[in-house]
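Undergrad: Use the sequences and the hints to build the structure in full.
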Amino acid sequence: MRARLVLPVLLTLAACGGNDSSDGSGGSSGGGSGGQSSGGSAGSGGGAGASGGSAGTNSGGSAGSGTGGSSTGGTGGSGTGGTGGSTATDNCQPLCDAIIAAKCSKGPTMSGCLLTCKALTSSAKCDPSANAYFACAKQSGIQCTAGGDAYAPGCGIDWLKAIDCATTENPNPAIVVPCATYCDKVVAAGCPLNAAKAECNSNCKWFGATGTGCDDEWGTFLGCANSANMVCVLGYAAAQGCGTQFTAYSKCVDAAGK
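The number in the working numbering is simply the position in the sequence shown, starting from 1, with 1298 added.
Keep in mind that the hints were calculated from the coordinates and are not lab data.
Take the hints with a grain of salt, since some may be wrong.
Below, a list of computed lysine-lysine pairs in the BS3-like style, where the Cα atoms sit at most 30 angstroms apart [stated by the list, open to error]:
| # | residue 1 | residue 2 |
| --- | --- | --- |
| 1 | K1436 | K1495 |
| 2 | K1483 | K1495 |
| 3 | K1459 | K1401 |
| 4 | K1459 | K1549 |
| 5 | K1459 | K1423 |
| 6 | K1459 | K1436 |
| 7 | K1495 | K1423 |
| 8 | K1549 | K1495 |
| 9 | K1483 | K1401 |
| 10 | K1401 | K1549 |
| 11 | K1459 | K1495 |
Listed next, with one range per pair, are the computed distances between beta-carbon atoms [stated by the list, open to error]:
| # | residue 1 | residue 2 | range |
| --- | --- | --- | --- |
| 12 | D1514 | S1403 | 26 to 32 angstroms |
| 13 | S1525 | Q1437 | 29 to 35 angstroms |
| 14 | Q1441 | S1525 | 34 to 40 angstroms |
Note that CB positions come from ideal geometry on N, CA and C, so glycine has one too.
TA: Here is the structure:
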């Protein structure tokens, strides 16, 4: 499994996640995006970010691969934001330089990459996990998936640990319960390519971090998805009738990195 970067997802939730396929189903946040584990979170490739709507997917990505930067900003408040005394932030520029140099067709922009990467390093308590991901990405290098998303091969576990720490240390309280409900629905849908509930939950909270400025849009999408029927689209769970909400979130995230 690869982890791609998706952004709003630090990397981009890409692949399968953000498509309003059939019936305008609002992306498959919670299921791996990008077709084969390239989606928005960290499966095995490792990456930061999630740009689309597939929280909980099997793939990690690499930091900042989506468009926009998810969850960064500010220094406080709820939601992953600020730097909190972290020294790991110094590793963001080298990582983003490598991601930009890979020239993957789906980006991200440098500003979007740095924005989301700084969310990953929002708490000094998470420096060990963030630095482990950075070290892995440096050693493995950045590659592009067939879908055009950047990812760090073999770094999915490190990526998952890093975003899990960031969202645990400074979660957006408005997203916690909706994400739990959403991921229960994703798991209950039984689609073959969705990631486990724990990964879905970490990704969902990552996409709804307050620092992105898109947490309201993500919350609106979750409200729709949690009242909708879930169907399997290309192997991933998708919320029927929530395409408009997911598109609004995607546009917000895209704008954040430009």
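Undergrad: Hint by hint, say whether it matches the structure.
TA: Comparing the hints with the structure gives:
1. K1436 - K1495: holds (29 angstroms)
2. K1483 - K1495: Cα-Cα ~10 angstroms, so holds.
3. K1459 - K1401: Between K1459 and K1401 the Cα gap is close to 26 angstroms, so the pair holds against 30 angstroms.
4. K1459 - K1549: Holds, because 27 angstroms separates the two Cα atoms, which is no more than 30 angstroms.
5. K1459 - K1423: holds (12 angstroms)
6. K1459 - K1436: holds (17 angstroms)
7. K1495 - K1423: Roughly 24 angstroms separates the two Cα atoms, so the pair holds.
8. K1549 - K1495: OK: K1549 and K1495 at ~26 angstroms, within 30 angstroms.
9. K1483 - K1401: violated (36 angstroms)
10. K1401 - K1549: Distance ~22 angstroms between K1401 and K1549 Cα, so the pair holds.
11. K1459 - K1495: holds (15 angstroms)
12. D1514 - S1403: 26 to 32 angstroms: With Cβ atoms ~29 angstroms apart, the hint holds.
13. S1525 - Q1437: 29 to 35 angstroms: Given about 44 angstroms between the Cβ atoms, the range is violated.
14. Q1441 - S1525: 34 to 40 angstroms: At 39 angstroms between Cβs, range holds.
Violated hints, in rising order: 9, 13; the structure is consistent with all others.
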